[in-house]
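Going down the list, the sequences are from chains A and B. Letter by letter, the first sequence follows residues 1 to 205 in our numbering. Letter by letter, the second sequence follows residues 1001 to 1284 in our numbering.
No wet-lab data here; the hints were simulated from the structure.
Subject to a maximum C-alpha distance of 27 Å in a straight line, what follows is the list of computed DSSO-like cross-link-like pairs (lysine-lysine): (1) Lys170/A to Lys1265/B; (2) Lys1231/B to Lys185/A; (3) Lys1149/B to Lys205/A.
To give an idea of the chain B side of the interface with chain A (calculated C-beta under 10 Å), a few residues: (4) Leu1048; (5) His1065; (6) Asn1184; (7) Phe1193; (8) Ile1275.
Pairwise CB distance ranges (calculated): (9) Lys176/A to Asp1246/B: 37 to 43 Å; (10) Val1208/B to Lys176/A: 26 to 32 Å; (11) Pro153/A to Lys1226/B: 32 to 38 Å; (12) Asp198/A to Arg1116/B: 28 to 34 Å; (13) Ser1031/B to Pro153/A: 50 to 56 Å; (14) Arg1190/B to Asp164/A: 17 to 23 Å; (15) Lys1052/B to Lys176/A: 42 to 48 Å; (16) Gln1118/B to Thr157/A: 53 to 59 Å; (17) Asp1079/B to Ser190/A: 31 to 37 Å; (18) Lys1052/B to Asp164/A: 56 to 62 Å; (19) Arg1067/B to Ser190/A: 37 to 43 Å; (20) Gln1118/B to Ser190/A: 23 to 29 Å; (21) Phe1269/B to Ser190/A: 25 to 31 Å; (22) Val177/A to Gln1212/B: 25 to 31 Å.
We treat Cβ as the ideally placed atom computed from N, Cα and C, and that holds for glycine.
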Amino acid sequence: MADDNLQEKGSKKSVFEVLSSAINTWFSMLMGRPVRKIPESVKQEPKVEPAQIEEDSVKEDFKKARGMIQKVALEILSRTAPSAEKRKMLGQKGLSYAKNVVDVSFTRKVVNLFMVVFFGLIIFFVVVRLNKYLGNSKDQGTFVPSKAPTVPPFQRTEPSLYADDAEILKIEEDAKVLLNEIIEKSLEDSSISTPQLDENIDFLK
Amino acid sequence: MRKALFLFLILVYFWVGVKFVVAQEVEDPASSARASFDKSYSQYLSKLEEYKKVYDLYVTAKAQHLRSRTPKSESALIDAGQSILKLRDEVIIYYLDMLMKKYKDTDGFNDETAGRLQTKVDEEVKWYETHILSLPSAASLEDLTEDSKEAQTRKRTLTDPLIYEILLNISYAKTQDYADRLENLFWGFRKRFDVIRADTREGFALDVRKVQVIDRYLAEVEVIIKRSNDKRASVYGEILKGKVKDVSAYNGIIKSLAESTGYQKDAIFKFIEAINEIKTKDVI
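Chain A on its own, in the form it takes in the complex (with noise of 0.2 Å):
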């Protein structure tokens, strides 16, 4: 372990080194200094070989707790051992004396019948369902739109040889008389509505 702080110092030492020479070297050279050399000890990299020294001690803990998970295992084993033995036959019995209550086979039946049922709803349905979308799809397929309203064609007219009739003229003007004066007036005359009496009137109260 001592050995491995020492490694772990030294490396951390020396990446220092090189990056502040580093840095110097640059900093010279930018200035049109000579640039100093970096020496030898620090070029070469110590070989270090953890694996080799943490691969016992994980092992040996690998196989500590194997151990360990092995014994309580087996422990657990040989305890609940009798009582799942003993579920185990309880279950074989409940299933058993359901068999025999339960006729299974008319169940069996029912279900079955029961899904063909089901489906066959569920066929019927898409059935109609689609016969009712192509139904409509026909329907618009051979829908015929409905006439559209045509404009008459514009008639040029002029005036004719009694649009200067007296007669004619007289009865038009009387009828648009009559016309505003329906529009206009009511039919009620507010005037002449009945007046507010006190029709209520009482000496005693």
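Put chain B on the given structure of chain A with help from the hints.
Leaving out everything else, chain B in the frame of chain A:
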């Protein structure tokens, strides 16, 4: 002698002339009816104003009596009560008279209906006049209350239906006037159109399409006029029953009458279309 004869003739001429002018003025029924209505209406309004003033006095007298209940306050209330009941009756009398004048002043009124309504109005007026005469005999507030209730019952059972009947007849007379005028215009146009259609001279004859279009319009107008008249006839049947006793029933009948005038409007629109057709010619 000749001069005397000449002067005599001139005097006779002026006398006859003046009498003719006066007779014309008197015999004009429209202006006479209007003048009569105007007079009756102003009398009714002044009576209504008087009623409002006396009603305030009655309210004050009643409040004082209810507060003090002394013989003096009772006597004052009896006086105020007699006045208000008298004026209430008088307002109804003046109102009925004004309504009848209004009916006779409305274009499209019917003489027979006017006579029938006038008989009913006279009967009501007579009752209220008798009621007014009985009021001074009331010596106590109980008697006056009894008189008031009597008038109230009379108004609700007989006077109100008569009032609504006259009001509805006034409205009906208006629709009758519209119907008469529309029919006159329609038949006047039809007559003129027949003359024009019969004219086969070159340049005067209407083309076949034009004649067909006008015929179609006139047929439609005739149908709409008939529909309007049918509606009016059914409404008049309701009015004749004289069973309208309140505003809601009155409004219902007015609404039905308005439907008939709606048909009349439609008929006139079509009629004007027919007139426009005859006033124009197609350019080929």
